[in-house]
Each structure stands twice: as C-alpha cells, then as structure tokens.
Amino acid sequence: MLRNSLKISGERAETFLQQVITSKVSSLKSGGVLSSLLLDKDACLLDIITLKREGEDNFLMVCSNPKKTKLAKSWLEELSNGYVIFDEDILVKINGPVVIEETQVVASSLVRRERKDITKTIYKNHPELFSLSKPYFIGQKRLREIISFSKPEKKIYNFKNLRLSASKKEKLKRTPLYREHLKRGARMISFAGWEMPIFYSNIIREHQAVRSAAALFDIGHMGIIEIKGKGATNFLNIITTNYVWCLKNGESFYAFILSPDGEVMDDVMVYRRNKKDYFLVCNSINQEKIRHWLNSVNSKQYLIDENYPEKEIEEKVILRNLKEQKTILALQGPNSLSILKNIIAKDDVRRLKKLQKREFMETSISGKEVMVAYTGYTGEKIGFELFVSPAESIFIWNSILKEGKELGVIPAGLGARDSTRIEAGFPLYGHELAGKFNISPIEAGLGFYVKFHKPYFIGREALLRKKISNKIILFEMLEKAIPREGYPVIFQGKKIGEVTSGTFSPSANKYIGLAYVALDIGKEFEIEIRGKNYKAKII
Amino acid sequence: MKKENLNYTKTHEWVGIKGEIATIGLSDFAVKELSDIVFIEFPEVGKKIKLGSPFGTIESVKAAFDLNTPISGEVMEINQTLSDNFDLLKDDPYEKSWMVKIKIENSDELKNLMDFEQYQEFLKK
Chain A
1 MLRNSLKISG
11 ERAETFLQQV
21 ITSKVSSLKS
31 GGVLSSLLLD
41 KDACLLDIIT
51 LKREGEDNFL
61 MVCSNPKKTK
71 LAKSWLEELS
81 NGYVIFDEDI
91 LVKINGPVVI
101 EETQVVASSL
111 VRRERKDITK
121 TIYKNHPELF
131 SLSKPYFIGQ
141 KRLREIISFS
151 KPEKKIYNFK
161 NLRLSASKKE
171 KLKRTPLYRE
181 HLKRGARMIS
191 FAGWEMPIFY
201 SNIIREHQAV
211 RSAAALFDIG
221 HMGIIEIKGK
231 GATNFLNIIT
241 TNYVWCLKNG
251 ESFYAFILSP
261 DGEVMDDVMV
271 YRRNKKDYFL
281 VCNSINQEKI
291 RHWLNSVNSK
301 QYLIDENYPE
311 KEIEEKVILR
321 NLKEQKTILA
331 LQGPNSLSIL
341 KNIIAKDDVR
351 RLKKLQKREF
361 METSISGKEV
371 MVAYTGYTGE
381 KIGFELFVSP
391 AESIFIWNSI
401 LKEGKELGVI
411 PAGLGARDST
421 RIEAGFPLYG
431 HELAGKFNIS
441 PIEAGLGFYV
451 KFHKPYFIGR
461 EALLRKKISN
471 KIILFEMLEK
481 AIPREGYPVI
491 FQGKKIGEVT
501 SGTFSPSANK
511 YIGLAYVALD
521 IGKEFEIEIR
531 GKNYKAKII
Chain B
1001 MKKENLNYTK
1011 THEWVGIKGE
1021 IATIGLSDFA
1031 VKELSDIVFI
1041 EFPEVGKKIK
1051 LGSPFGTIES
1061 VKAAFDLNTP
1071 ISGEVMEINQ
1081 TLSDNFDLLK
1091 DDPYEKSWMV
1101 KIKIENSDEL
1111 KNLMDFEQYQ
1121 EFLKK
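Respectively, the protein sequence lines represent chains A and B. So for the first sequence, my numbering puts the first residue at 1; every next one is plus one. So for the second sequence, my numbering puts the first residue at 1001; every next one is plus one.
Bound-form chain A, shown alone (with noise of 0.2 Å):
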C-alpha cells in the first residue's frame, strides 16, 4: 500500500528535523527508521509520525494520520521559513531552510504507531521517543512541566578551582621564534604567561609600519584547538554565539565562548576546513581554560545549562590541541598582500589575489606548508595570518622580513598590535570583554556576532536575562593628555564609567581610548588624569 509522505532533504535537513521532533535524529543511521512526536511550542502532539533516513542528508517523513500530512508539510515549511511562533522566545528561528516535498513510500517498509491522546501518556509508555538531552526541540521547555523524569546529576565547571591546583609558579613559556626576536634587538615583557616582544625599534615606528607599508607579528602565544568528527558543527553551535551553519568550507568568523551563565569565557576566530572539520583560534590567556571547557563539554558530564541539567552536546567531536602542529605569524598593512604574492608558489598567486576578507587558503612558501587566512587584529584592510609549523617558522618568518625588506616591513610587538587595535576599537579580553565589570558581548557593542535566532546555545538564556546599562566607546582626548587603563569618566559632573584601554594613536596624532560608560552618556565629556578634569569626546 503506497502511503503520502514528506521527503525533507538539505545539507540542514538533521538539525532540522533535530530540533523539530522529539526523538534522537542524529544517531539515526542511513536506512533506519523511527517514530516520534510532532510537538507545537505548547507540547501539544500534531501528530506520531515515522521517520526513516534515506541518506546522510534525505530524510522521509509519514504522519501516522493520513489525514495530518498537509497540516505536517505546512508546519514543517513554516518552521523552514521561519515565519512562524515556535516558542515563547520569538528571537529563535530553526535551523533551515530545507526542502519539503511531497512524495508516496510504500507502507510496510515503515514501523507505524498507534496515536494517543496526550503526550504525557505516550511518553509514560515509550519514553525512548523523546530524547530529554538534546539541546532543543520544539515543545521541550513545556514538555519538563507535563512529565516528570530524574533529572541528571552533573558537574559544574569551575575553572578558577582548576587553576589553583595546578602549580603557581610556571616558567614564561616562549614561541619558537623566541630566539630570532632577542637577534632582532626586541624588549621582551611577560604577556599572559608568555615572554613577547614588545617592541623591536619603538611602537610608533612598528605602528606606522602596520599602516603604511607593512608589519610582521609573532602570535605565536594564542591557542589553536582542532574540532574534528561528524558532530563537529552542531558541537561549535552549541559551544559558541555565532552561526556556524553559514560558514562554508575555507571561511572562519569571529565569535564568543559563553559559561552557562552567560559570562563570556572567550572571543575566539572559527574556522571550517568542513563540514567535519574546525579549528578555533583563542586568546593566549584564555587558551588552558577553553581547551578544558571544551573537554568537559564534550564528556557530557558538565552543566551546560543552569535550567535544564540533561541538555548536552549531540555528538562528541574529536579536540586536539593543535600549539605542537601549528604556531601564527601576522602580517598586516597595504604591502603585505604584493609581499605574500612574491613569495608563495606560483601557481597559487591567482588564489591569493580572490582570497576574500575571512576567507583562508593552503599554500606553501619555499615548498614549506602555510595556511594563509585573510583576518587580523590591527584594523587593517590588507593583512594575513600565516598558520605554520613551528619548526618552519624561522625560516618563514626571515624569508618574509628579507623578501619583503623592499615593501618596508618589519617585525612588529605587542606594542603595535595593542595601539593598532585600539585604534580600530577592537575589544580585547579583560578589558573590553568580561573583566572586572564583567562586559557583555552586546555592551561591548559586538551583538551581531551572538545568534539569538539560534534555539539553543550555552549562554543563550543567560545573556538575553542580563541587563544592559552601559556600553564600550571609542574617544579622542580635546586636551593634551593620555588616558590609562582605570581612569574615571566625567559626564556632568558625575562619574559614569571608566577607561578599559589607552594609548596615543600615531596615525591620527591623538590620544585615544577605550571606556566603559553608562548608556545615556552625552557626545562630550572629561577624563579624570592625576586629579584634573580633560575633555575628551566620542568619535
């Protein structure tokens, strides 16, 4: 007997369907068949359907009522669409589009289920058709309330905790090119833990470099986690704010690591090599305390949400800690596009030039492998960062300082990264991210990298709860004065925020900042310098 049904297909078809029916879809295998349940955001049943995978991406779907497969394809076009009430929460959206096609399946080649009434009856006779852990589906939140099940035990994360046990006094850790720098005549600081240049020559000069001809960064310091398996896209969904079902293969962006009380943990870059197949960059600060939230994630034994304790991960993904394999060098500023084309293969020289903004590609230097990304941190509209094996860096890193001698690069410090950023307004960790005024990714003023269309991330809940009064500004100094790090703001007398950056900006020949104010502050205002009042203003 041939029956009506929906073939739903589409690289999002899985998550679709994930978050839409109450059983398990991901560990359905190719051929397989479930049943399960059709819930509206009140957890009210649409109907029992049947659900067979047809292939990694084609799904066939039968109502157990005939008479429902209209009603089924029109709700499941809605929630593709998106134009339809789902949830309280009318921020989310369902992982979409997909395609929704009416097709006929021969009947007995599916299981079929006798409807019931209500949905707490069913789930008292086939729990397994709901599958509580998932990170979401439609009807869930209303579901806890109409049955009752035991709610799992998990561990809260706490890496503070961690921290302590492990040994206080670490030596600095050092880059592969640490040598090279103290060759070049660098000042070295301790920066998070790590020995870093902090200049070569002086600031302004590396500074200038980055803006007018070229400059190259050791970033060696930063964290490089890989993320690799089937569920590695629905995982970094989860883990981070971002949207990661739009970057295509070669793409990254940029994106936070929320705790599940919706502090931020870390901004990070993802990258997508495939769909199976991710790496994250992180702050070097941050990197210890990331790759072991990543880990308790991934055992399912963690907290995720506050709220709902049985939520975890879909699927666990294989991480890898990647700082053995990989270190980064940055070259940034106008040149440094002419001096990569001069110096990678030849036959990949027309790649580089359609390399687009967060786009990355492999190449090679010398017949050395290097992973070219077109990102960076100084504001630049031109610059690079070159992921590279550590034992080649030394060589990648003088060939490009003597190829590129021409195009007027030279090696860059901290020092140039951190006022190059500033003047960009870029935020960085603990100081316009979380830290002592605990900063928020929207207060920051970064909102469009946190995907609240998204059902579920960890974080979500807890973010969209918390109150927003105050927000990070950019500012220029009326007054000869420099602002620092903790300065108070003056708005009418008042003190409504205070510096979380400072620095002279060369390029502009002024002295800028960074501050963390309240909402209603006006365009002008002063900065409280040793106990005298300067005006500075937005810009």
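Keep in mind that the hints were calculated from the coordinates and are not lab data. Quantities reported herein were computed from a predicted structural model and do not represent experimental measurements. Zero decoy hints are in this set.
Calculated Cβ distances over 10 Å to all of chain B for the following chain A residues:
1. 128
2. 179
3. 247
4. 442
Here are the computed lysine-lysine pairs in the PhoX-like style, where the Cα-Cα straight-line distance is at most 20 Å:
5. 1124/B to 1032/B
6. 480/A to 1062/B
7. 1032/B to 183/A
Glycine included, every Cβ here is placed at the ideal spot set by N, Cα and C.
With chain A fixed as given, assemble chain B onto it according to the hints.
Chain B in isolation, oriented as in the chain A frame:
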C-alpha cells in the same frame, strides 16, 4: 652639563647643583627604556614639591611613569620646549632636555643621591 658630574636617583632622574638651584632631568638609560615618549607633564612654576613625591609625568605609548623629585623646594623654571619636542630627550638628555629647576630647601637631602659611578654600578644590578 656633563653626565659624569651629575647625581642620580634610583628612579633614574639626574640632578645638577648650581648654588641653591637644582636642575633635574632623566638619564639616557631611562629615556631608552621608555622608548616612545609621547607625553610629558610638568608642575607649574612656583609650586612647592616634596622629596619623594612625583613632580611630573612622562608617558610612552604603552604606559605612564612618575617623575620623582629627589629634593624638596619651589619650582623656579620648567623646560617648556621639551613638551613639544620629545626627540630632544633622545638627542641630548643632559643639556637641552633638563626638565625643572628647583630652589633647594634642605641640602641634606642631596646626601642620598648616587654619583655617576655609583649610578653605573646600580644599573648593572
């Protein structure tokens, strides 16, 4: 002023004495350490400053540092040209880039200063 004839503080200021006037500047070691100097602030003429307290501020791109007075007294003169030309500090730290002149109140305070040789030893530590 010859650097060999000056006295020095542990915070790298130099002091030259002429009668009851002390001239204060910053040693070339400190100037090099600071690297990019982008801001200098001096006290007003006539202000009384006290031993050990800052009489001014010098800032690089990265950070602000206090300029400490090694002696108490009244500020007689400040070197305004220095605020507009930081390169002077690098080019000529002991002559053209003097910072303030102070009328000495208590010459006993000078005893705590290092002479040139002692300062050189101090830098090696």
